[in-house]
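K.L.:
Go ahead and model the full structure; you've got the sequences and the hints to work with.
Each chain is listed here by its residues.
Number of protein chains: 2
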Amino acid sequence: VGVHAVTQSEAGEVVYLNGQLVARSEARIDPEDRGFLFGDGIYEVLEVQAGLPLFAQAHYERLVRSAQAIQLSVPLDKDGFLRTIRELVAANGVEEGLVYLQVTRGVAPRSHAFPQGEVPPTVFAFARSQPPDPSLAQGVAAVVLPDQRWYRVDLKTVNLLPNVLASQEARRRGAYEAILVRDGVVTECSHSNVWMVRGGVVYTHPADTWILHGVTRAVTLQAARQAGIDVREEAFLEVDLWEAQELFLTSTTAGVVPIVRINGRPVGTGVPGPVTGQVSRAYRQAVEAELRRLREES
Amino acid sequence: VGVHAVTQSEAGEVVYLNGQLVARSEARIDPEDRGFLFGDGIYEVLEVQAGLPLFAQAHYERLVRSAQAIQLSVPLDKDGFLRTIRELVAANGVEEGLVYLQVTRGVAPRSHAFPQGEVPPTVFAFARSQPPDPSLAQGVAAVVLPDQRWYRVDLKTVNLLPNVLASQEARRRGAYEAILVRDGVVTECSHSNVWMVRGGVVYTHPADTWILHGVTRAVTLQAARQAGIDVREEAFLEVDLWEAQELFLTSTTAGVVPIVRINGRPVGTGVPGPVTGQVSRAYRQAVEAELRRLREES
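Residue numbers (my numbering), protein chains in the order written: chain A, 1 to 298; chain B, 1 to 298.
To be clear, the hints were calculated from the coordinates, so they are not data collected in a lab.
Where hints are given, some of them may not hold.
Computed spacing ranges between beta-carbons, pair by pair [to be verified]:
#1 A/Glu26 - B/Arg65: 33 to 41 Å
#2 A/Gln68 - B/Arg281: 42 to 50 Å
#3 B/Glu297 - A/Gly184: 50 to 58 Å
#4 A/Glu26 - B/Arg265: 30 to 38 Å
#5 B/Gln138 - A/Lys78: 47 to 55 Å
#6 B/Gly174 - A/Arg281: 54 to 62 Å
#7 B/Arg65 - A/Glu288: 46 to 54 Å
#8 B/Glu233 - A/Arg281: 53 to 61 Å
#9 A/Arg232 - B/Gln138: 51 to 59 Å
#10 B/Ala91 - A/Arg28: 18 to 26 Å
#11 B/Pro132 - A/Pro120: 51 to 59 Å
#12 A/Thr209 - B/Gly80: 40 to 48 Å
#13 A/Gly174 - B/Gly80: 30 to 38 Å
#14 B/Glu96 - A/Gly93: 50 to 58 Å
Computed from a predicted model, the values in this text were never measured in an experiment.
C-beta: ideal position from N, C-alpha, C; glycine also.
P.N.:
The structure is reproduced here in structure tokens:
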């Protein structure tokens, strides 16, 4: 059970900063960028397979939704977003990995309310190789922690300190992820969505303001239903975790990952369960379909 | 009723970055600074009067407390902190204004959990002239908004997007501040603490995890009590706001500020009240005592 980490940036890496591709080693931002002073920004992470960024339209739509909710304008239209991502992937020769893109409210003398006058947003993006970790298929450990985040975690903002602290606490306790609980209700994990299997039915928290609306979550939901699996967007409780037959998580960079231990105790039989396997296959088929679509497009 | 803003940075400004004083125009940080990617950092704002930073020891102690709570080490001891602040104030010729100092978990390839190995924290600080706004003494307008922040707002972190959005909404509605309410309880404002007067008694939320423990709040509390004013650290409700005889706020950069309108309605008689005046005088005496102490020290 390894701990996920972005691979070290390589010499020669090229990143995107405010309209230009620049050497990673040259990329710098202003310390009064509102991303640095206030966490006043949003982001997306896309999975790259076979050199192709997956589900880019869904990621762009979520970026725009996050932006609108915090009254930030994204200075890239959909075509500009797609072009930027593809250029970054190509420039860095990424075959399997990820693209990260962040937009902040730009640089202005520090004051809480929005800058007045025309301040261009800052856009920073990178593409990195990160081969899939085959050990994840054997299942990972998780710990249960309180969900201490703000009330709009459906927005993918860079106000991520609670996620950072939960992720670190999971690692400290030898786990891959932290399952978060708010008022007794399981919401999601520190950087993934969580799902429970009970009586052959798959449950996951509805896509309201209390979870991040994962793109992989949405793809998995649709794919599993098309495969005839009974999936319900219904919240479940912390106490349900201890009775779960199976648990799994979904994330953009790791896909469907079985959770086989929770707080040191085995989940179900302690090995990846059959329903998780069905869901995982359905998700992989959706990814294959997306790859075929992208190849036909290009 | 004006809106608070840091004055525009001037040509020739000098800031502090990682151990050095550098020209503001030259100061740059890495885009993979965890402050920029995760809001993984903390900060302090100090008031400067007569060229002297006030209550610096209390600010340093709070910085260290915030740091410890997020397992971050501050690479400045108390003397280094005081020296840095004084150098910045002197280098920029600040007589009346503020010092801002931020510490983040440094630069590392993006991954939620803490960087492994030795990663030096980033320290950024600036000192700016900002003359006091005499119009504040006539009182300001406030609006009531939901407190949507995370569960550890006692830590002075740069995860400030909810504060930014509340502050912006207050400004949009012509107000100086937003009074925040969580589960019916008044907590504080978007960047200040709030106090209510009823029956001659002054109430403010206790210093638990639901408010920022303002240095000006603590100074005001002690000064008001020494002046014989009955001040109680007891939470009050949103409904109490509408019956309040007086309301006021405290912040490092503005001191004690009467709130004379709330959601467009007058507070009490609609002008600064007598208890607020007493508290304000007690606070100003504490500031005078601090200035005398600092002058004797130097």
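K.L.:
Each hint needs a verdict: does it hold in this structure or not?
P.N.:
Here is what the structure says about each hint:
One distance hint, 33 to 41 Å for the beta-carbon pair A/Glu26 and B/Arg65, holds here, with the actual separation near 37 Å. A hinted range of 42 to 50 Å holds for the C-beta pair A/Gln68 and B/Arg281, which are about 47 Å apart. Range check, B/Glu297 to A/Gly184: Cβ separation about 53 Å, and the 50 to 58 Å hint holds. One distance hint, 30 to 38 Å for the beta-carbon pair A/Glu26 and B/Arg265, is violated here, with the actual separation near 55 Å.
Here the CB-CB span from B/Gln138 to A/Lys78 is close to 50 Å, well matched to the stated 47 to 55 Å. Evaluation of the 54 to 62 Å hint for B/Gly174 and A/Arg281 yields a pass: the beta carbon distance comes to about 57 Å. Remark: the range hint 46 to 54 Å for B/Arg65 to A/Glu288 is upheld by a beta-carbon distance near 52 Å. About 58 Å separates the C-beta atoms of B/Glu233 and A/Arg281, a value consistent with the hinted range of 53 to 61 Å.
A hinted range of 51 to 59 Å holds for the C-beta pair A/Arg232 and B/Gln138, which are about 58 Å apart. With their beta carbons about 22 Å apart, B/Ala91 and A/Arg28 fall inside the hinted range of 18 to 26 Å. At about 32 Å, the CB distance of B/Pro132 to A/Pro120 disagrees with the hint of 51 to 59 Å. Between A/Thr209 and B/Gly80 the beta carbons are some 42 Å apart, a value that agrees with the proposed interval 40 to 48 Å.
Checked against the hint of 30 to 38 Å, the pair A/Gly174 and B/Gly80 passes, with Cβ atoms roughly 36 Å apart. In this structure the hint that B/Glu96 and A/Gly93 lie 50 to 58 Å apart at CB holds, the actual value being about 55 Å.
The structure shown violates the earlier hints numbered 4 and 11.
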